[in-house]
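**Student:** Full structure from sequences and hints, please.
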Amino acid sequence: MTTKDRIELDRVTIRFAGDSGDGMQLTGSQFTNTSAIVGNDLTTLPDFPAEIRSPVGILPGVSTGVSSFQVQIGEIDVYTPGDEPDVLVAMNPAALKVNLEVMPKGATLILDLSSFTIRNLDKAGYKSNPLTDGSLDAYHLIQAEITKLTLNALEQLDLEAPDKTRCKNFFALGMMYWMYNRPLELSTGWIERKFAHTPLLAEANKLALSAGYHYAQTADLMPSTFEVRPAQLEPGFYRSVSGNQALALGLITAAKQADLPLFLGTYPITPASDILHELSKYKEYGVISFQAEDEIAAVCAALGASYGGSLAITSTSGPGMSLKSEALSLAIKTELPLILIDVQRAGPSTGIPTKTEQSDLLQALYGRHGESPICVLACSRPTDCFDVALEAAQIAVQFMTPVIVLSDGYIANGTGSWKIPDPDQLKPIIVRRPTDPEAFKPYARDEATLGRSWAIPGMAGFEHRIGGLESQNETGNISYDPLNHELMSQLRADKIQRIAEFVPEQAVLGPESGKLLVISWGGTYGSVYSAVTQAQGEGLSVAHAHLRHLNPLPRNLGELITRYQQVLVPELNFGQLAKVLNIHYGTQVKTLNKLQGQPFKIREIRDGIDAALASLPLEALDV
Amino acid sequence: MSDTPILSKKDFASEQDARWCPGCGDDAILNAVEAVMPTLGIPKEKIVFVSGIGCSSRFPYYMASYGFHTIHGRAAAIATGLKISNPDLSVWMISGDGDALSIGGNHFIHAIRRNIDIKLLLFNNEIYGLTKSQYSPTSPSGQVTKSTPYGSLDRSFSAASLSIGAEATFFARAVDTEPKYLQSILQRAAAHQGTAIVEVLQNCVIFNDGAHKWTTDRASRSENQLRLEHGKPMIFGDTVKQGIRLNGITPEVVTLGENGITEGDILVHDEKASEPTLAYFLSRMRAPDFPTPLGVFRAVEAPTYDQQIHQQLEDIKVKKGDGQLRKLFFSGDTWEVKASAENQNEALSAGGNHD
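Protein chains in written order, with my numbering: chain A, 1313 to 1935; chain B, 1218 to 1572.
Be careful, since some hints might not be right.
Claimed, not checked - Here are a few chain A residues that sit away from chain B, every Cβ distance over 10 Å (derived from the structure): (1) Asn1432; (2) Leu1533; (3) Gly1851.
Said to hold, decoys possible - Below, in silico cross-link-like pairs of lysine to aspartate or glutamate (EDC-like), each with a Cα-Cα straight-line distance of 16 Å or less: (4) A:Lys1731 <-> B:Glu1531; (5) A:Lys1595 <-> B:Glu1531; (6) B:Lys1544 <-> A:Asp1734.
Rather than coming from a laboratory, the hints here were simulated on the basis of the structure.
Nothing here was measured: the structure is a model prediction, and the numbers come from that model.
The beta carbon of each residue, even a glycine, is placed where N, CA and C say it ideally should be.
**Tutor:** Structure follows, in structure tokens:
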């Protein structure tokens, strides 16, 4: 055994890349889970094509067949998956070519030498072999016959060659485990559970994993190994969750806290389908997951379930939300609680379905017929999805209104370390039911929230009719009275505005007043937070406000904005929140926009901050 | 339910007056439904009427039960969610030919496919009434309406063929002009477990008056209606006895007593046949070559979707135990971060079921 130097790092970013059938998402998530359990803080960026098994080695632009998984692990708060990877594991020439452009000079490239055949190089569009033509001189190259060594390691097993080859991702994972001093046990345990019914495949993957580990240890490929010490996380119990998992956990929890059955009406759509997959597992919690015939049926079934007294959810992505908009207006009109989750993706239309974007904000706020105000919340990171789900349920039930929850592909598929809450410390969600049949009026309202009470079929003495036709105030009878229509429209709008009085004021990170306030929402949280704290560390007058509440906006936001000379709004769209802020507060915010299906890098936000500060008048800079 | 109060027809009439056009067939159907409700032994608070959009869909406002007037075409989806979430309810859906078969066609066939336990009353007047005279998916080709001044080119749907094709476990047809018969059919639908489609041939007195006259006209109805009875031969006509015979795989009308034809040659109705073939034959029988079949085309037993969903929940609860939040949170790999300066982490479990 070779004794290596062990270098301590405070953070490292690793990207695993291969073809979409190579198992790179799995390799990355295994590395992530093990790192989480040894105590690192981390943020991930799974990035995969829409194709399930695209042809080997084809490049993006022809067919985006390369799949990658990037993870940043560290001992200090890790809020992004890292701007630039320190290490790239590339399973073939195409994966190398596609990913090399983001690799900084000096980074480590771990390549599967077995795949660098003339045929694969040709498919990737390489005119000459990058391993020998000097084009990779600026990188630290680790070449290993990963495929061949995997086949050798599995020689004794009675499996077909393609099945053996498929284990190469675990060989590569084994190498990375040795390099970063991680234990194998968590992944071997996972393999045993995953392949419980196919012991031979379990054996093969375990062998490949340990072969990779021992190969890296003995082959003297690496000058040193690395240690990323555990993060200083708050004491407690943790598990890693993806955004979609955290939403599912939050919804089940909300239903328990409200003592309501949970109903999900949904239709498969990327990247929201995992919410359906997750909730379908938990039948012992009484969760009903209904895969409807289409998006419209999905929201309508949820609304029917809400009318019947369930905590009703419908999950979708942008195109699906468009289809649901008519039913959302019915939910607004009938004042029934409903949670619509929109996991945003790059649009319009089918767009780039597996890539992230924040371009459904205006649809969520305004994309319906009639005067139809709705509450809109946004998740900021995978673990935040749990809290947002709880708050959405609380608002929906308390104010008797549909609530839109905006997530995005980056949050949905990314993972974070979730501090498990104590179930006994969670607040109950109070459902208001009418108690006196004599005094019951379907549209009589709670004075504080303006929410109506929720009488459900089965409650004797409260039989009533609701529907899409305008209702007479209080009684709910059909009414075409012009003044009543205006009154009811106003009440529906006022009710949504009331929500702002019940949620906390907008918090600010940084100085209470100053030169620049960066306002962000949704999945850009990590990069904006990191860029702002970096700038603050350099003494710049920058503060950060990250919005969860997009409608109604926080009650102190207008006043808050006036305390800074300038406001910068970075968004993965063409300035949708910026437009909303300008309309609401008569301000002229600076925008920073990106529409590439990828999250912001910290650097990009930081450049935006510097540019915004530089654009201030000189006298202001002297303040 | 011994404590269920005895209800009368008027207990089911809401305080709102029906506002259909004078002479509309909908009033007769409302009357029949109000008459049937007290006979079902279901408390009023457990009955819900759900409708879409159209003249027929105003129906829930006139019933003193729970009611939900929804959006165009979507009542079946809303009723499905309601029934799944709350299987104790008796859920009645009111729809028209445009609402159920055009804009709501997808939800209609999928409700049937799942055999969700809802009673679906399809008021078929072969016209869009509320939007004031456009042809519907059941209007015959060539129909002149405001949107088809030179005659419609569309081929029409048979609600029966569509339902049977989607393997409806219950399909029946009645007419708005014969209230007692309609009531008996509604009672059959109410007793059925699963999606029960009742097509009511209904007259729109304003925009499509007389659309079903051939079937409903007092003078000729005995010749033009085939009343289906389970286990009985398909015989119709007062003066001349006629019947339906199968010629190869094609039904034909024959006269009893002619060419040696006896009752033994006539098709016997079997609403319980497990294959929907016979019911489909019936669905293809149309004027003027055939009498209009009325009554229960098909009534077969099959598990209902709502029952199955709840059975699955119960079975899994028995297998896995009632879900507790603590167990939910700690499923999958968890670890503990300790407060000590060493910050040693401990992997707690690697045995979760939910990776």
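**Student:** It remains to establish, for every hint, whether it holds in the given structure.
**Tutor:** For each hint, the structure was consulted:
1. Residue placement check: Asn1432 of chain A keeps its beta carbon more than 10 Å from all beta carbons of chain B (closest about 32 Å).
2. For Leu1533 of chain A, the condition that its CB be more than 10 Å from all CB atoms of chain B holds, with the nearest at approximately 28 Å.
3. With a closest Cβ-Cβ approach of about 31 Å to chain B, Gly1851 of chain A is found to remain outside the 10 Å limit, as its non-interface label requires.
4. The hinted pair formed by Lys1731 of chain A and Glu1531 of chain B fails the criterion: a straight-line CA distance of about 31 Å is larger than 16 Å.
5. With a CA separation close to 8 Å, the supplied pair Lys1595 of chain A and Glu1531 of chain B stays within the 16 Å bound.
6. Proximity of Lys1544 of chain B to Asp1734 of chain A is assessed by CA-CA distance (about 11 Å); at most 16 Å being required, the pair is judged to hold.
Hint 4 from the list above is the single one not met by this structure.
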